[in-house]
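Protein chains: 4
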Amino acid sequence: MSRFDGRSGPIRLGMVGGGQGAMIGSVHRIAARLDGDYTLVAGALSSTPERAQASGRELGLAEDRIYDDFTAMAIREARLKDGIEAVAIVTPNHMHLPAAREFLKRGIHVICDKPMTSTLADAKKLQAAAEKSDALFVLTHTYSGYPMVREAQARIKAGELGEIRLVQVEYAQDWLAEAPAPDNKQAAWRTDPARSGVGGATADIGTHAWHLARFMTGLVPEKISADLQSFVPGRALDDNAHVMMRFEGGARGTLWCSQVAAGQENSLRIRVYGTKAGLEWEQEHPNHLAITPLGGARTILSRGLAQNGAAASRMTRVPPGHPEGYFEAFANLYREAATAIRAHRTGAEVPGDVIFPSIADGVEGVAFVEACVRSSSRDGKWVSL
Amino acid sequence: MSRFDGRSGPIRLGMVGGGQGAMIGSVHRIAARLDGDYTLVAGALSSTPERAQASGRELGLAEDRIYDDFTAMAIREARLKDGIEAVAIVTPNHMHLPAAREFLKRGIHVICDKPMTSTLADAKKLQAAAEKSDALFVLTHTYSGYPMVREAQARIKAGELGEIRLVQVEYAQDWLAEAPAPDNKQAAWRTDPARSGVGGATADIGTHAWHLARFMTGLVPEKISADLQSFVPGRALDDNAHVMMRFEGGARGTLWCSQVAAGQENSLRIRVYGTKAGLEWEQEHPNHLAITPLGGARTILSRGLAQNGAAASRMTRVPPGHPEGYFEAFANLYREAATAIRAHRTGAEVPGDVIFPSIADGVEGVAFVEACVRSSSRDGKWVSL
Amino acid sequence: MSRFDGRSGPIRLGMVGGGQGAMIGSVHRIAARLDGDYTLVAGALSSTPERAQASGRELGLAEDRIYDDFTAMAIREARLKDGIEAVAIVTPNHMHLPAAREFLKRGIHVICDKPMTSTLADAKKLQAAAEKSDALFVLTHTYSGYPMVREAQARIKAGELGEIRLVQVEYAQDWLAEAPAPDNKQAAWRTDPARSGVGGATADIGTHAWHLARFMTGLVPEKISADLQSFVPGRALDDNAHVMMRFEGGARGTLWCSQVAAGQENSLRIRVYGTKAGLEWEQEHPNHLAITPLGGARTILSRGLAQNGAAASRMTRVPPGHPEGYFEAFANLYREAATAIRAHRTGAEVPGDVIFPSIADGVEGVAFVEACVRSSSRDGKWVSL
Amino acid sequence: MSRFDGRSGPIRLGMVGGGQGAMIGSVHRIAARLDGDYTLVAGALSSTPERAQASGRELGLAEDRIYDDFTAMAIREARLKDGIEAVAIVTPNHMHLPAAREFLKRGIHVICDKPMTSTLADAKKLQAAAEKSDALFVLTHTYSGYPMVREAQARIKAGELGEIRLVQVEYAQDWLAEAPAPDNKQAAWRTDPARSGVGGATADIGTHAWHLARFMTGLVPEKISADLQSFVPGRALDDNAHVMMRFEGGARGTLWCSQVAAGQENSLRIRVYGTKAGLEWEQEHPNHLAITPLGGARTILSRGLAQNGAAASRMTRVPPGHPEGYFEAFANLYREAATAIRAHRTGAEVPGDVIFPSIADGVEGVAFVEACVRSSSRDGKWVSL
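Protein chains in written order, with this note's numbering: chain C, 1116 to 1500; chain L, 1116 to 1500; chain S, 1116 to 1500; chain B, 1116 to 1500.
Simulated from the structure, these hints should not be mistaken for laboratory data.
Keep in mind the model is a prediction, meaning the values are calculated, not measured.
Honestly, I wouldn't trust all of these hints.
Identical copies carry no separate label here, and so any pair may be met within one copy or between two of them.
[Stated by the list, open to error] With a cut-off of at most 25 Å between alpha-carbon atoms, the simulated DMTMM-like pairs for lysine to aspartate or glutamate come out as follows: (1) Lys1196 <-> Glu1275; (2) Lys1391 <-> Glu1293; (3) Lys1391 <-> Asp1298; (4) Lys1272 <-> Asp1298; (5) Lys1496 <-> Glu1337; (6) Lys1239 <-> Asp1307; (7) Lys1338 <-> Asp1298; (8) Lys1272 <-> Glu1293; (9) Lys1272 <-> Asp1184; (10) Lys1247 <-> Glu1278; (11) Lys1272 <-> Glu1485; (12) Lys1300 <-> Asp1197; (13) Lys1338 <-> Asp1494; (14) Lys1300 <-> Asp1184; (15) Lys1239 <-> Asp1298; (16) Lys1496 <-> Glu1363; (17) Lys1391 <-> Glu1485; (18) Lys1239 <-> Glu1485; (19) Lys1496 <-> Glu1485; (20) Lys1196 <-> Glu1178; (21) Lys1240 <-> Glu1293; (22) Lys1300 <-> Glu1363; (23) Lys1239 <-> Glu1397; (24) Lys1239 <-> Asp1183.
Next comes chain C alone, as it looks inside the complex (with noise of 0.2 Å):
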């Protein structure tokens, strides 16, 4: 552990959503706990004022702070000298833009859970808020934070893998193989096009998958061709999806994802071939990376080994065989933020090494998603972006 916890001074977070109730709220907080860099003063944590209130309460915010709605937090937090510096927003995707946009324009950091918006038009209304705004967006697309998945990207920018011919991801979950129960809000939402969006299963994991294979190979897609089904009956939305995928340069490959693989739990996986060697990561055993050279030996990379490179290294707590996890890897979307965070404050420069997914990375993703449900919907032509 090269770095010392909680430098100099936390930041003063604020959180949109994730009250009583919710998973992923309680995950960002974690995550922004974990190296004590933030400290958490403020919420919007639910919609209904009841549950708001009772979740502030039980996060020991103070009763001024615990607010029932994100505008009204926006207004008074911006004018407080001890008002939050950035927001987590974690509500269902439809409520990102109007959320982010009140603390954008108000110069107040947005750290946004994904995909980023329902729809690309709202993205594109998101990405014109933040550009107007001096204030940063990290979009928590959690598995770039894993050390070995820098790693890996840095190892195929590097050369290692020669020319990269395929990359096939994969991302198989069996959460809704079933209708799931009334009483499952995670569900509900994410099977509903009013808060969801147009896709299912291509928005809630395909664009991980899709930002992973971006970010790890850094390829430039060129088209797509998806094929789509919603097995679960009575469902709205997208539950599987095959797609092939075709790269600027001639590189190919396809992705899947699913929410219907009965026995997977959260089996997000990419292997990428390039003329020289391949590449295996997978979230479920994430402290290695697997490259074997073209009619080579495997080798087994853990992270934390000294051979490792400064992008992998930089991520990492504790020596090799100490595992690290999903927390941690959220963690360090959390930690790097806040190092851009505090360039900020001083006006600083932002590090060349930190990295986080980005608006572009947010409205591409969305873009994926509706490019899914245009091809499929007409039986799998290849369609751009």
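We have chain C already, so just place chains L, S and B on it with the hints.
For chains L, S and B alone, coordinates are given in the frame of chain C:
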């Protein structure tokens, strides 16, 4: 090991192809020998007479049963009192039809390597020849000989997975990732349209993956959409293919085959997901089969366990933990063929539990290859087989 | 995630040791922060005053709560209205006793790193001190915080394995395979008898392996026979140990710990075999637990599955497939301690399901180390603890 | 596949033991057949005449070469012009000496199952008989036939691991975890001192583990300390053993063998740690060998890779990814024996790269068993072999 070797006298076997420098001929011979069911007594082992002679002598064949061409062999062996009862055809694809025809029409059983022929037209001619003959035709889709593949088939048939929704099958290798050396005979014919047919990777290994998916699930194909590539400069045939599949009844899937996936050895892998459970099997770790119920714990079945069904147990020689592999799977097909041939000797019916890939599977395999090429040439249009 | 963060106000925490250049102090701080149960407000972070001051400032402690020595800290904090309620002791082993004693006698709870002390005599003194105090004593045998370790414990207790016959536990690392660099502080004290105690690898990691075996199985030790080695020239303490174990009732086992096993990272692994089933767990893949019934198929349980028992589910933050790791296990112990401390605040009883390693475990751990040394010095004579 | 099958005429083989109901006899026959090097022409397949006859007929032996006892077979076959050149002895342990002696003294090569004899006294008698004979003696320690075991041996010999410090070898099964069914012949003799000898698990599988450790590392044993158990009530021989090992030069190790480890199938596993790197190999996944340099990334070598050495490549039939298993390893020993026997035919020297376990290995194996028993009966005293 519940059965005894070499039941009631070995079957007299001939071989076409498989001389010095070939690989698959040797595999067939080991498979034929392993259980003591066959004895190799004749061969037309090469199209080059000198090589045919030298190869035959090295194998210890009697001088008068080393042939320079398969037609002469078929004619003479059919007349001999102790002539061959079966022939293994292990030539490049384009010679399967002419060779098989000569033996089938003389009542000699044919054990033929895959893909069955180099064109669909040829496949249909061979089918006609087989239908006219009283002799058996066995296609060596090796992987259907693995006990745990049969266990999977039995469990799917019994409904353990519920209704099948998804089939993800892939077959990845890297041995053709670069232009092969000029003296690599195996690579040479496989990348030559005149000998391989219209398909490259699709024909050589895509047909294996297709057969495995069909064999294991019993799903009936509706349409496929394919994107084929030839990554190696100058290559006339595909060396990578992405295929999306639709089956009758609504199941979907993908098939990926590649001979340019750097670092992959012989990675045939299938995953099947139903409404109740999912299943995984990998050829490189063939003694295990993983089944996971929806939301439950993964179960790893081993070959040889008492709880396995009869179909797998019949194909098992040693207790769990004593790994059986590629040769044993291949030998299982030879053993099934032997049982059928012995039944044929006495006019008895072939026992109902004997399973081997048939002429119909062969026709379908070649139809699959041609459908891939057809779909890909029309930019991924969905086509029937 | 069924529970909410930071229940009813964080616990005020101090720290002894863990300043700049230390590793385990940082781990304790992350663990304490992760669930929002603690706030670090005071520290005597180094025995070197300059380092103590610099470290405290870096951690954002108030100037008047950065102490140069732990006694001063204990005295003053005990008098403060908002003084610390608990202290984490993360110094080298030989300082655990003097430090812990100062806090215990003032009613401040102690969370102490392992092994508990450097000698058995010290351990007994600490035990006496703890027994005299009303404060809690928590020993951070991290690995007992892993959910699947608790699942294993629960299943063994419920009889799923039948009567236990065998326990094979091992803890292999390689970080001390060579003489450490002079500036490696962590290596320096661990290989120094004055600070580590009579045991090297046995004390540092052997005690973890021993505790894990005892915690998971509940077996009561009878005798051990040990063969200790110091492979690195000039090393005063053992860096490898082979131990055979006999338990009451006839169960047997082996324990291997090594810090010179080249290529091993942090490979703590346990296997338990009973009359009905066997079980395996590996720290490097902590989210899974394998159980195999006699002659049956292996079942891989994942952390977070609905079928897991309450003991594991309580320790779980995210659904299966989202890996939790070392920090989360560590945080689980901090969380258990927090629950106990909060109960203590109000005079309530500590809930029955709260589990953390105790002073008795600490005494036994040091007794184990001394027994290893004693047996080894008598050429492997079987000795009691 | 670099070599051709059945070089220069098969070797005429006889068999003692291995009739109906036996397992290992069938394994030997498959191994002998696999590469076409042998032809089975005679047998004394059972000590029960009816079973001997029935078994011989089932295997298709000529009537006059089915013998009721091995002495008659040795006498007659030695006189036949086309009598057997070699005999496979696959009886229970106590019959190895009397059977082998009859053939050795008549110049017939012996391929003998392990352990070599049931007592050390017998082993020495057999050694004397072998030394007096011109015939070869081959002991089938199967696991030394695996290519990746030979790769490991070659790399250790070449110094890739540095100086060896530690050897951890284990062989765990569960098939004797309960009292066997009365009709289980294989279990019956292995748990009977009259037929197995003084050792149970130690003799049956402990000798395999011991041989593997010795074969792979070349370390010379100094002393061992053993703790043997018989967990199953009423069992006369050990079914589990823990052994600590000291080698010349200071290397240490442990050996664990068990036939009562519930859930273990045939888990022979070895790990070797040197000053520079560590290595792991598992029989249940025999096509891979893991080597990890101190502090570095793990490398997984596959059987069949171009980078493997000659010793492994000679033992390889198909490219990587086509799994070879137990029968192929066994066949490798038969193939080595065939090469030696063919050299013997012509009076040529056995090629230097031919490797098979010898009479000296057999003596040492039985000495190991007796040393275990001796040490255990003296409460783990360190004893020489």
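Evaluation of the provided hints:
In this homomeric assembly, Lys1196 and Glu1275 never come within 25 Å of each other (Cα to Cα): the closest approach is 50 Å inside a single copy and 60 Å across copies. Proximity of Lys1391 and Glu1293 under a CA criterion of 25 Å is satisfied inter-copy only: 10 Å between copies versus 43 Å inside one chain copy. Proximity of Lys1391 and Asp1298 under a CA criterion of 25 Å is satisfied inter-copy only: 22 Å between copies versus 51 Å inside one chain copy. With identical chains, the CA atoms of Lys1272 and Asp1298 are never at most 25 Å apart, being 46 Å at best within one copy and 34 Å at best between copies.
Within a single copy, Lys1496 and Glu1337 get their C-alpha atoms as close as 13 Å, and across copies as close as 18 Å, so both meet the 25 Å cut-off. In this homomeric assembly, Lys1239 and Asp1307 come within 25 Å of each other (Cα to Cα) only inside a single copy, at 22 Å, whereas the closest approach across copies is 50 Å. Taking CA atoms no more than 25 Å apart as the test, Lys1338 paired with Asp1298 passes in neither setting, with 39 Å inside one copy and 39 Å between copies. Taking the shortest Cα distances, Lys1272 and Glu1293 sit within 25 Å of each other only across copies (22 Å), while inside one copy they are farther apart (41 Å).
In the homo-oligomer, the alpha carbons of Lys1272 and Asp1184 never lie at most 25 Å apart, since the shortest distance is 44 Å inside one protomer and 50 Å across protomers. Taking the shortest alpha-carbon separations for Lys1247 and Glu1278, neither the intra-copy value of 38 Å nor the inter-copy value of 52 Å comes in at or below 25 Å. In this assembly of identical chains, Lys1272 and Glu1485 lie within 25 Å of each other by CA distance neither inside one copy nor across copies; the values are 29 Å within and 38 Å between. For the identical chains of this complex, Lys1300 and Asp1197 are neighbours neither inside a copy (34 Å) nor across copies (40 Å), given an alpha-carbon limit of 25 Å.
With identical chains, the CA atoms of Lys1338 and Asp1494 are at most 25 Å apart both within one copy (14 Å) and between copies (12 Å). Proximity of Lys1300 and Asp1184 under a CA criterion of 25 Å is satisfied intra-copy only: 19 Å inside one chain copy versus 51 Å between copies. Taking the shortest alpha-carbon separations for Lys1239 and Asp1298, neither the intra-copy value of 33 Å nor the inter-copy value of 53 Å comes in at or below 25 Å. In the homo-oligomer, the alpha carbons of Lys1496 and Glu1363 lie at most 25 Å apart both inside one protomer (18 Å) and across protomers (21 Å), since each shortest distance falls under that limit.
In this assembly of identical chains, the alpha carbons of Lys1391 and Glu1485 never lie at most 25 Å apart, being 34 Å within a copy and 30 Å across copies at closest. In the homo-oligomer, the alpha carbons of Lys1239 and Glu1485 lie at most 25 Å apart inside one protomer (13 Å), although the nearest pairing across protomers, at 44 Å, exceeds that limit. Taking CA atoms no more than 25 Å apart as the test, Lys1496 paired with Glu1485 passes in both settings, with 13 Å inside one copy and 20 Å between copies. Taking the shortest alpha-carbon separations for Lys1196 and Glu1178, both the intra-copy value of 17 Å and the inter-copy value of 24 Å come in at or below 25 Å.
For the homomeric pair Lys1240 and Glu1293, neither the shortest alpha-carbon distance inside one copy (35 Å) nor that between copies (47 Å) is at most 25 Å. Within a single copy, Lys1300 and Glu1363 get their C-alpha atoms no closer than 40 Å, and across copies no closer than 34 Å, so neither meets the 25 Å cut-off. For the identical chains of this complex, Lys1239 and Glu1397 are neighbours neither inside a copy (32 Å) nor across copies (44 Å), given an alpha-carbon limit of 25 Å. In this homomeric assembly, Lys1239 and Asp1183 never come within 25 Å of each other (Cα to Cα): the closest approach is 27 Å inside a single copy and 56 Å across copies.
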